[in-house]
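Protein chains: 2
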Amino acid sequence: MPSVTAKANLRAQVTDGIVEAVLDELADVGFGRLSMDGVARRARAGKAALYRRWPSKQEMVLDVVAGLSVPAAATVPSDDLVADVTALVAGVDAWLSDVRMSRILPDLLAEAMRNPELADALTRRVGTARRGYGQAVIDAAIARGEVSPDVDSEYVLDLVAAPVFWRICGRREQTGPAFVDRVVDSALHALGVSAR
Amino acid sequence: MPSVTAKANLRAQVTDGIVEAVLDELADVGFGRLSMDGVARRARAGKAALYRRWPSKQEMVLDVVAGLSVPAAATVPSDDLVADVTALVAGVDAWLSDVRMSRILPDLLAEAMRNPELADALTRRVGTARRGYGQAVIDAAIARGEVSPDVDSEYVLDLVAAPVFWRICGRREQTGPAFVDRVVDSALHALGVSAR
Numbered sequence: 007m008p009s010v011t012a013k014a015n016l017r018a019q020v021t022d023g024i025v026e027a028v029l030d031e032l033a034d035v036g037f038g039r040l041s042m043d044g045v046a047r048r049a050r051a052g053k054a055a056l057y058r059r060w061p062s063k064q065e066m067v068l069d070v071v072a073g074l075s076v077p078a079a080a081t082v083p084s085d086d087l088v089a090d091v092t093a094l095v096a097g098v099d100a101w102l103s104d105v106r107m108s109r110i111l112p113d114l115l116a117e118a119m120r121n122p123e124l125a126d127a128l129t130r131r132v133g134t135a136r137r138g139y140g141q142a143v144i145d146a147a148i149a150r151g152e153v154s155p156d157v158d159s160e161y162v163l164d165l166v167a168a169p170v171f172w173r174i175c176g177r178r179e180q181t182g183p184a185f186v187d188r189v190v191d192s193a194l195h196a197l198g199v200s201a202r
Numbered sequence: 007m008p009s010v011t012a013k014a015n016l017r018a019q020v021t022d023g024i025v026e027a028v029l030d031e032l033a034d035v036g037f038g039r040l041s042m043d044g045v046a047r048r049a050r051a052g053k054a055a056l057y058r059r060w061p062s063k064q065e066m067v068l069d070v071v072a073g074l075s076v077p078a079a080a081t082v083p084s085d086d087l088v089a090d091v092t093a094l095v096a097g098v099d100a101w102l103s104d105v106r107m108s109r110i111l112p113d114l115l116a117e118a119m120r121n122p123e124l125a126d127a128l129t130r131r132v133g134t135a136r137r138g139y140g141q142a143v144i145d146a147a148i149a150r151g152e153v154s155p156d157v158d159s160e161y162v163l164d165l166v167a168a169p170v171f172w173r174i175c176g177r178r179e180q181t182g183p184a185f186v187d188r189v190v191d192s193a194l195h196a197l198g199v200s201a202r
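Going down the list, the protein sequences come from chains C and H.
Okay, so the first sequence: first residue is 7 according to my numbering, each after it adds one.
Okay, so the second sequence: first residue is 7 according to my numbering, each after it adds one.
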């Protein structure tokens, strides 16, 4: 059950009170209005406790968001491509079905369009790290001869996440198992593999 | 050439100096920090000129964004499904390749996750209106017997927009004709139609 694993990962990352406060504050006010003071107040901690861990607001946010988001994408390739792609899509679904992440990610994407430094850090520490897990699934399928080495991996990886983001954060509508199956089917088609 | 039409629509909507100022301000500072004062200053107009047209900041933003976004989705169904779906996807691509819209849309989506009133208005005045054009293309294909009436239209319409949004606004990467073709192929597959 990949979604259960992803949810367990989400929980494991938020045992820390300061991390919780960063996530709550980010979900409530967004990156632009988030301050070290606000996080310290919410965490009932001193600002010094925050600065001991992170040199800046951006570092704090990236560290906390990457800590929640990268493990949520962890998928170890099996020898079953359909199961692996389903795990990837279900992982995105679990990640964005988290009430806080469903607010935090669109806010960071919006901020990144205006802030190139945040954009680069977000790509490096969250995007590229998450996509590495999907790429490993594709590479394993190529190595088994199930998928052509000419496949457009970039597009396949986009397809694993984009419809889920759009449904939850773009249209504020629900996902569900039938929706996840449709996304998996689209990704398999883009991999040049026919579904079940 | 659907993308040329969409771009002409984008231009036709922005001949007005105040509308230009709303779009510039929204792209630069986002909905949260946008003020009637800021727009008036940028437009070199009085605030009274803004309040004559719109009763509130939210009304102003929605009117301007809908005025740019809804005509950009206008597609009249032909008898060629591949051409129609290509026009829809190219329309989304032209819409989000506009430098201002690529900042404005993610910002409004982020804001909508925190502001249910804005969310409802955005769905009604932009989302539903834009999706109506795509639904008409699907309905015409169903009427011609090319697509099953059981098709998951909601998912197909998600697929027309989601990968384009994700590539441009989620990953800050380029699109291009080959990418548009891939999105069209995904949408046709979801329609149960094999591509070219």
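Since the hints were made in silico from the structure, they are not lab data.
Source: prediction; values computed, not measured.
Take these hints with a grain of salt, some might be off.
Output of the computed footprint for chain H on chain C, the stretches with three or more beta carbons under 8 Å from beta carbons of chain H [as the list claims (entries may be wrong)]:
1. 41-48
2. 62-68
3. 100-113
4. 168-176
Cβ coordinates follow ideal geometry from the N, Cα and C atoms, glycine included.
Here is what the structure says about each hint:
no.: 1; hint: 41-48; verdict: violated (count 0)
no.: 2; hint: 62-68; verdict: violated (count 0)
no.: 3; hint: 100-113; verdict: holds (count 4)
no.: 4; hint: 168-176; verdict: holds (count 7)
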